[in-house]
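Using the numbering used here, the letters of the sequence shown correspond one by one to residues 10 to 335.
Do not rely on the hints blindly, as some may be mistaken.
For each label pair, taking beta carbons as the anchor points, the in silico distance ranges come out as [as the list claims (entries may be wrong)]:
1) Ala276 with Ala90: 45 to 53 Å
2) Pro204 with Pro314: 34 to 42 Å
3) Glu231 with Arg313: 16 to 24 Å
4) Ser141 with Pro204: 28 to 36 Å
5) Ala102 with Arg311: 18 to 26 Å
6) Val112 with Leu82: 32 to 40 Å
None of these hints come from the bench; they were simulated from the model.
Only a predicted model underlies this, so the values are computations on that prediction, with no experimental measurement involved.
For every residue, glycine included, the Cβ atom is placed at its ideal position computed from N, Cα and C.
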Amino acid sequence: MDPRLTRVDDYPIPTLEEYLAAQPTLAEDAGGQAAPYAHPIDRGLIRALSRTALQHAVKHFVQLAIDARFTPLWQHSVPVAARSFPELNRLRAEAAAALGIAVPELYVGALAGYGAIFTVGTDERHFIFVDSTWLSLAEPDEILFVLGHECGHIQNRHVTYHTLAVLLLEGGATALRQHPALRPWSELLRLLIGPALAAWARRSEITGDRAGLLTLRLARPEASEEWVLATAQRSLVRLLLGFARDAQVEIDAYLDDMRRRSPDSLAARYSLLTAAHPLPPHRLEALRLFHDSELYYECARRPRPERPLLATRELNERVDDLIAVL
């Protein structure tokens with residue numbers, strides 16, 4: 010027996026890019042088209058971004074930044090499997106089955122901020138990260154909604170540009186400014202495509218919320234429509250509250266109050282120009298509009314109720330009015 014001690018070099022730790030490259034790729038949805046529930050501007054904007062002269066630079070930047078920014082996160086997280094987080098593993102399978110996609114990689118870890126839940130990587134190779142604090146507070150069906158939301162991003166091929174949005178517009182931007190090789194790239198890309206990327210990201214979040222709602226509906230066929238909408242909205246509210254009890258919030262009253270305090274001045278709206286997510290009350294209202302639409306019942310394969318439903322064109326117009334910044 011070799012008496013020497015095992016060295017770290019004997020078990021090299023792969024980078025995130027190397028790990029993802031070894032995983033099976035996710036096949037593109039038929040024809041590369043967005044799912045029928047997707048926000049109509051979602052696909053158009055991402056196609057426009059993909060056809061810019063900066064496309065090669067974007068891909069190269071994302072590959073570099075994934076290693077620099079997300080490898081430590083992946084190395085300090087626990088992969089979800091049948092024997093690790095078994096309940097979360099079951100919910101992940103339910104969400105993927107509801108939307109008809111391959112079961113995605115899923116990791117659980119702790120970050121400084123509460124409620125960090127996102128999908129990172131590229132459209133071909135990626136994983137979902139879930140904050141352990143939020144996971145300990147959320148109800149199982151709220152978790153199902155959030156996993157459905159993230160699976161919706163995967164289904165609609167949002168992941169590459171979502172990763173770019175995280176890196177340029179959200180928490181990753183601070184870290185990139187400290188990286189000597191990536192800082193010039195990040196500043197250039199933020200200047201050239203930041204507002205367009207943010208406009209797309211806000212609409213892609215609407216698409217993700219619709220995917221989460223449909224996941225609840227399809228995975229819980231026996232549940233009432235009132236329960237499906239309430240559970241989805243409560244899941245979004247929980248992301249706002251941290252350790253506070255979501256039962257303390259009456260959603261209708263919250264929405265009424267926020268309508269009266271909507272940012273109307275030009276300065277206030279300009280401050281939201283590079284926001285990657287719609288304002289929370291706008292997401293709640295957009296979810297309700299989708300639930301009350303013809304499109305929802307078509308996608309959910311449910312019989313239409315006797316009450317009037319929003320036509321798809323009216324749904325799109327009202328949602329666009331909600332999330333418009335300028």
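Going down the list of hints, with the structure as the test:
Against the hinted window of 45 to 53 Å, the Cβ-Cβ separation of Ala276 and Ala90 comes to about 49 Å, which satisfies the hint. Under the hint 34 to 42 Å, the C-beta atoms of Pro204 and Pro314, about 40 Å apart, fit the expected range. For the pair Glu231 and Arg313, the supplied restraint of 16 to 24 Å holds, since their beta-carbon distance comes to about 19 Å. Distance hint for Ser141 and Pro204: a CB-CB separation of about 34 Å, consistent with the stated range 28 to 36 Å.
At about 22 Å, the CB distance of Ala102 to Arg311 agrees with the hint of 18 to 26 Å. For the pair Val112 and Leu82, the beta carbons lie near 21 Å from each other, so the given range of 32 to 40 Å is not met.
Hint check: a violation occurs at hint 6 only; the rest are consistent with the structure.
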